[in-house]
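Novice: This is what each chain is made of:
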Amino acid sequence: EADIYQTPRYLVIGTGKKITLECSQTMGHDKMYWYQQDPGMELHLIHYSYGVNSTEKGDLSSESTVSRIRTEHFPLTLESARPSHTSQYLCASSGGRSGRNEKLFFGSGTQLSVL
Amino acid sequence: DQQVKQNSPSLSVQEGRISILNCDYTNSMFDYFLWYKKYPAEGPTFLISISSIKDKNEDGRFTVFLNKSAKHLSLHIVPSQPGDSAVYFCAASSRGTALIFGKGTTLSVSS
Numbered sequence: 014e015a016d017i018y019q020t021p022r023y024l025v026i027g028t029g030k031k032i033t034l035e036c037s038q039t040m041g042h043d044k045m046y047w048y049q050q051d052p053g054m055e056l057h058l059i060h061y062s063y064g065v066n067s068t069e070k071g072d073l074s075s076e077s078t079v080s081r082i083r084t085e086h087f088p089l090t091l092e093s094a095r096p097s098h099t100s101q102y103l104c105a106s107s108g109g110r111s112g113r114n115e116k117l118f119f120g121s122g123t124q125l126s127v128l
Numbered sequence: 122d123q124q125v126k127q128n129s130p131s132l133s134v135q136e137g138r139i140s141i142l143n144c145d146y147t148n149s150m151f152d153y154f155l156w157y158k159k160y161p162a163e164g165p166t167f168l169i170s171i172s173s174i175k176d177k178n179e180d181g182r183f184t185v186f187l188n189k190s191a192k193h194l195s196l197h198i199v200p201s202q203p204g205d206s207a208v209y210f211c212a213a214s215s216r217g218t219a220l221i222f223g224k225g226t227t228l229s230v231s232s
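Taken in sequence, the protein lines are chains A and B.
Letter by letter, the first sequence follows residues 14 to 128 in this note's numbering.
Letter by letter, the second sequence follows residues 122 to 232 in this note's numbering.
One chain only, chain A, in its complex shape:
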């Protein structure tokens, strides 16, 4: 079973605050991802990393930033939260090698509400 953890599960915060969403996995996976999802919509890839010190932006433009200093940890930061950032943020990982397909394991998600 997947061992990928996200904290917090729910976060309500005021406009302008800086927040960091935590994501950790204990499977030793090299690949990690952040998706954003709104009800009735597809999951949009906002950031991904294929290894330590490697991060890339995804298909959906996002004002958030990520870091990958350790294999198991992939935090996402919003420097100044706005109501438009209200969404569910989903972290995922996979052990697939470059060029090989493998399923993603997802965390439980963080439901962010910016007032």
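Please keep in mind that the hints were generated in silico from the structure rather than gathered at the bench.
Model, not experiment: these values are computed from the prediction.
Careful, some of the hints might be misleading.
[Unchecked claim] Some chain A residues judged to face chain B by a derived CB distance under 8 angstroms, without partners named:
#  : residue
1  : Tyr-46
2  : Gly-53
3  : Glu-55
4  : Leu-58
5  : Gly-71
6  : Leu-103
7  : Arg-113
8  : Asn-114
9  : Leu-117
10 : Gly-122
By construction, the Cβ of each residue, glycine as well, lies at the ideal position given by its N, Cα and C atoms.
Please build the complex by placing chain B on the supplied structure of chain A, with the hints as guidance.
Specialist: Only chain B this time, still in chain A's reference frame:
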């Protein structure tokens, strides 16, 4: 433009009957397809996958069919159970790239 399309936002089925969820894709480079199940305020959980070298994969009550010429795949759930009620996402990738998801279909199974 959406590369993975789930054109039915919702589906209602009676318990014990078959549920058929459909998915279309436009990118002919996709070679790996997956179905995920998601409850509100939870992360998606993996259900079943299929490689483009196959046209069918079965796992218990779940079967995925792939029609490459039509760029279409479907998920069959037989028999449907109330606990299957959730949002089902179709996803695809090519050569190990990040998954691209459809908008999901909400399945409601009534007893």
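Novice: Now look at each hint and say whether the structure bears it out.
Specialist: How the hints compare with the structure:
At about 6 angstroms, the closest approach between the beta carbon of A:Tyr-46 and any beta carbon in chain B falls short of 8 angstroms, and the interface hint on this residue holds. With a least beta-carbon distance of about 6 angstroms to chain B, the hint placing A:Gly-53 at the interface is held under the 8 angstroms criterion. At a threshold of 8 angstroms, the smallest CB-CB gap from A:Glu-55 to chain B is about 4 angstroms, leaving the interface hint in force. Given hint, A:Leu-58 at the interface with chain B, holds; its Cβ is 5 angstroms from that chain's nearest Cβ, closer than 8 angstroms.
Restraint check, A:Gly-71 versus chain B: the minimum CB separation of about 7 angstroms is within 8 angstroms; hint holds. The closest approach between the C-beta of A:Leu-103 and any C-beta of chain B is roughly 5 angstroms, which is under the 8 angstroms cut-off, so the hint is satisfied. Interface restraint check: A:Arg-113 against chain B, minimum CB-CB distance 5 angstroms, threshold 8 angstroms, status holds. For A:Asn-114, the shortest C-beta to C-beta distance to chain B is roughly 4 angstroms, which falls under 8 angstroms, so the interface hint holds.
For A:Leu-117, the interface hint holds, the least distance from its beta-carbon to any beta-carbon of chain B being 6 angstroms, beneath 8 angstroms. Look at A:Gly-122: its Cβ gets to within about 5 angstroms of chain B, closer than 8 angstroms, so that hint holds up.
Of the hints listed earlier, there is not a single one the structure fails to meet.
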